[in-house]
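Top to bottom, those sequences are chains A and B.
Just so it is clear: in the first sequence, position 6 is 6 by our numbering, and no numbers are missing.
Just so it is clear: in the second sequence, position 22 is 22 by our numbering, and no numbers are missing.
Some clues are possibly wrong.
[Claimed, not checked] For the chain B half of the interface with chain A, some residues (derived, Cβ under 7 Å), not all of them:
no.	residue
1	R324
2	Y394
3	D398
4	H406
5	E407
6	V410
7	D415
8	E416
Quick caveat, the hints were computed from the structure, so don't treat them as lab data.
For glycine and all other residues, C-beta sits at the position ideal for the given N, C-alpha and C.
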Amino acid sequence: MQALALSAAAVEAVGERSGEPDWMRERRREAWRLYEALPLPDPASEAWRRTDISGLRLEELRVPLNGAGPEHEKPEAAPPQVLAAALGAAEDRAGLLVQRDGQTMQAGLEEEAAAQGVLFLDLDQAASKAPELVRQHFLSLIRPDELKLRALHAALRRGGTFLYVPPGVEVTRPLVSVSWVDTPGTLLAPHTLLVAGEGSRVTLVDLFASAGMDAQTVVSGAVELVVGDGAQVRYVAFQDWGTNVWEFGLIRARLGRDATLASLVAGFGGSLVKTDVESKLQGRGAQSEMLGLYFASDRQHYDYHTLQEHLAAHTSSDLLYKGAVKDRGRTVFAGLIRVHPGAQKTNAFQSNRNLLLNAGAKSDSIPKLEIMANDLRCTHGSATSRLNDEHLFYLMSRGLRRQQAVQMVVDGFFAEVLDRIPLEQLRQRVQEEIAGKIAESSQG
Amino acid sequence: MAAQSPLGIDLDHYKWGFREPERYVFKARPGLDAEVVEQISYMKGEPEWMRAFRLHAYEHWTRRPLPTWGPDLSTINFDEIYYYLQPVEKQSRTWEDLPAEIKRTYDRLGIPEAERKFLAGVGAQYESQVVYHNLKEEWEKLGVIFLDTDTAVQKYPDLVREYFGTVVPPEDNKFAALNSAVWSGGSFIYVPEGVRVDIPLQAYFRINAERMGQFERTLIICEPGSYVHYVEGCTAPIYTTDSLHSAVVEIIVKEGARCRYTTIQNWSPNVYNLVTKRAVAYRDATMEWVDGNIGSKVTAKYPSVYMLEPGAKAEILSVAYAGRGQHQDPGGKVIHAAPYTQSSVVSKSIAKDGGRAGYRGLVKVYSGAKGSRCAVRCDALILDEHSRSDTYPYMEIDEEDVQITHEATVSKVSDEQLFYLMARGIKADEAMGMIVRGFIEPITKELPLEYAVELNRLIVLEMEGSVG
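Build out the structure end to end from the sequences listed, making use of the hints.
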């Protein structure tokens with residue numbers, strides 16, 4: 001396989017193979033110039049001081065280039081085992097898109113949805129099939145100049161997921177997208193663009209996975225969720241990277257009038273994962289539910305920054321992020337509720353709960369509020385605690401082994417989040433991950 | 001309603017905005033350089049180690065950038081501030097000996113009355129120098145020392161040197177460095193083992209001159225099993241230019257001792273109030289900060305407690321009120337560095353007329369501090385749509401065996417509560433006042449009665465006209 005270092009040449013080569021229109025290529029070049037101009041994040045800055053990226057080796061990364069010409073024309077064999085495991089989370093689906101190293105291997109959408117005008121395909125392909133929609137919405141919520149790593153994403157994006165649901169259309173079963181990294185030492189920059197038309201309904205499950213890597217592998221992802229007036233969207237990002245994968249992601253949503261978004265971010269894999277999750281409530285009456293569920297073990301480092309941005313009156317947001325930490329894992333949660341002037345009658349809730357499973361585990365929690373309106377209700381809470389000895393004792397006195405007892409207590413801890421996800425297979429998949437984490441012997 | 005306030009708390013508008021003509025025996029030129037620092041040390045006739053300490057701190061100050069977080073401090077012009085001003089030639093021991101205008105000032109603030117009524121001792125600082133000091137004889141006999149820090153350096157050099165700068169080193173932050181370089185006045189309190197000073201000691205700080213900096217330095221040492229409650233109040237006249245108040249407070253609470261430090265800050269709305277307050281608490285010791293921030297243009301103050309040995313306890317109670325043009329950024333830090341330490345933080349903030357109030361705090365639990373518990377509660381009331389509330393609580397937990405909780409709410413005064421009270425014949429203004437008093441009650445109930453009454457009256461008066 002051909003591969004290039006991060007460079008202007010790689011930007012051209014990736015663009016060439018994507019078959020994208022000129023305006024997209026031009027934006028890649030612009031982004032590359034920004035990437036070269038911008039410094040790495042200041043380790044002393046508020047957003048980065050809890051996540052040490054001094055071990056990041058951007059200069060050693062390669063961009064894989066599979067063959068020539070538009071990649072989506074080269075579907076390959078069935079997904080291997082790691083993929084099958086990821087897919088277990090959503091067997092019952094209305095559509096499936098599978099990409100390996102940013103190259104589409106499998107794509108499909110049920111006829112009923114396709115007939116109603118739903119588009120669910122590779123972003124490169126979408127750029128030629130639905131140029132207007134892509135042009136209007138691609139990188140409309142996320143700007144490459146926000147951060148060096150965002151610029152890198154915009155310059156070297158490969159593949160990606162595009163989902164469009166026309167106004168009034170309802171897709172009842174979830175659509176599933178799988179992004180799978182196969183080549184160690186590479187950069188993957190997946191992009192998800194979801195556009196939900198007025199009054200539409202859809203569920204998108206984004207699965208990210210890889211096997212363990214023998215060299216640092218970097219994922220710089222971006223998710224844009226454009227939720228139109230009155231639309232109801234459920235979005236799941238389920239991350240199960242192998243070791244040595246570092247991820248820097250941003251999930252940003254814009255909600256129109258009376259729109260509803262329910263998001264879940266689940267994190268189990270990777271070595272270092274820093275994900276920003278943001279909801280901008282721009283239309284009156286918009287509602288955002290933001291759920292997070294993560295389990296750091298071994299030496300995993302997870303850093304979640306969330307933003308509930310209330311820009312209009314009568315908006316509500318409800319955030320619940322729960323994390324367990326084991327071995328020498330470390331988690332950071334920094335959440336901000338920002339209520340802008342005029343966003344009266346806002347209801348905003350934010351809750352972070354952390355469970356430390358052993359000595360050596362660390363957890364930082366920073367629930368912040370910036371409130372510039374007065375007629376509202378805003379509450380946040382944070383709690384960090386250990387396994388409750390009495391609970392364990394109670395269970396073990398009834399004949400359970402310690403590991404089983406711990407499993408039950410942790411399941412109970414996460415149940416508050418899981419109970420709010422109406423996707424049965426996904427819930428089972430999450431529970432398997434949790435069980436696997438608890439069974440892992442400590443390597444710390 | 002213009003009641004005489006024993007605390008100097010503003011009961012109408014900023015009543016203590018009056019000024020007396022400046023009279024001084026020595027005033028340093030504006031701006032700061034090593035020469036001014038040397039001059040201050042020379043004027044005070046200090047020992048060599050203190051001179052070296054100041055110069056070292058000055059050197060660090062020049063290199064240290066302004067903090068990039070928190071309130072905007074970029075408008076402070078360090079070159080225009082007067083760093084030292086000595087208003088009278090020597091400290092008075094009796095009230096009658098004070099120069100007329102200083103006496104008049106404190107009479108208007110009600111200090112002598114307060115002293116007669118309920119204080120064990122009182123110190124008053126006017127500009128940079130402590131002008132009046134008194135400690136009741138009974139406490140003196142028990143070995144309690146309550147002096148201004150300059151005098152303490154002369155009279156108890158070894159004691160001061162042992163502790164000075166150990167809790168807040170000059171390198172701690174830019175304003176601690178500034179204070180360390182140019183400090184003047186402040187209180188030095190030493191409470192011997194087992195002595196309980198059961199009525200409060202008070203200090204009163206007053207800025208009178210324009211563009212004046214006030215940099216008092218307070219050091220409190222509580223020997224094992226002792227108890228002291230120290231109360232400070234602050235005012236300044238209103239000038240068109242800004243003044244700077246940058247104090248450092250260091251407290252050492254030894255085994256089983258308890259120290260309570262109460263501040264009722266009511267600087268005029270042109271004072272930058274940037275203060276570093278920190279205490280260390282040893283085995284089974286208790287440190288309590290009660291911090292009321294009503295005045296000033298900008299306040300950035302995060303009283304902290306380092307719990308260094310098992311069983312240490314920390315309590316921080318904070319009330320902030322921000323009106324027009326004010327940015328109150330108070331908070332607190334609790335550092336759990338030993339097992340079985342406990343802390344609690346309660347913050348209540350009120351923003352009105354475009355003011356900005358909030359809470360910024362840190363809970364740090366070091367690995368090994370097992371059995372630590374901490375509860376933080378922050379509540380904010382925003383009284384109109386132009387005002388703003390911020391909550392920035394940081395929790396860094398490196399230990400598994402802990403219980404840490406944080407809760408915060410931001411809300412307006414509920415219509416139901418107002419309606420309920422008004423339905424019982426209470427006027428809107430009064431009802432609003434009652435609700436706000438209820439809101440800050442967890443703090444006021446911890447204050448000595450006189451102070452609680454003052455704070456309540458002040459809040460109620462600030463509330464006037466807020467319903468409508």
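Structure-based check of all given hints:
| no. | hint | in the structure |
| --- | --- | --- |
| 1 | R324 | 15 Å, violated |
| 2 | Y394 | 5 Å, holds |
| 3 | D398 | 5 Å, holds |
| 4 | H406 | 4 Å, holds |
| 5 | E407 | 5 Å, holds |
| 6 | V410 | 4 Å, holds |
| 7 | D415 | 10 Å, violated |
| 8 | E416 | 13 Å, violated |
The structure shown violates the earlier hints numbered 1, 7 and 8.
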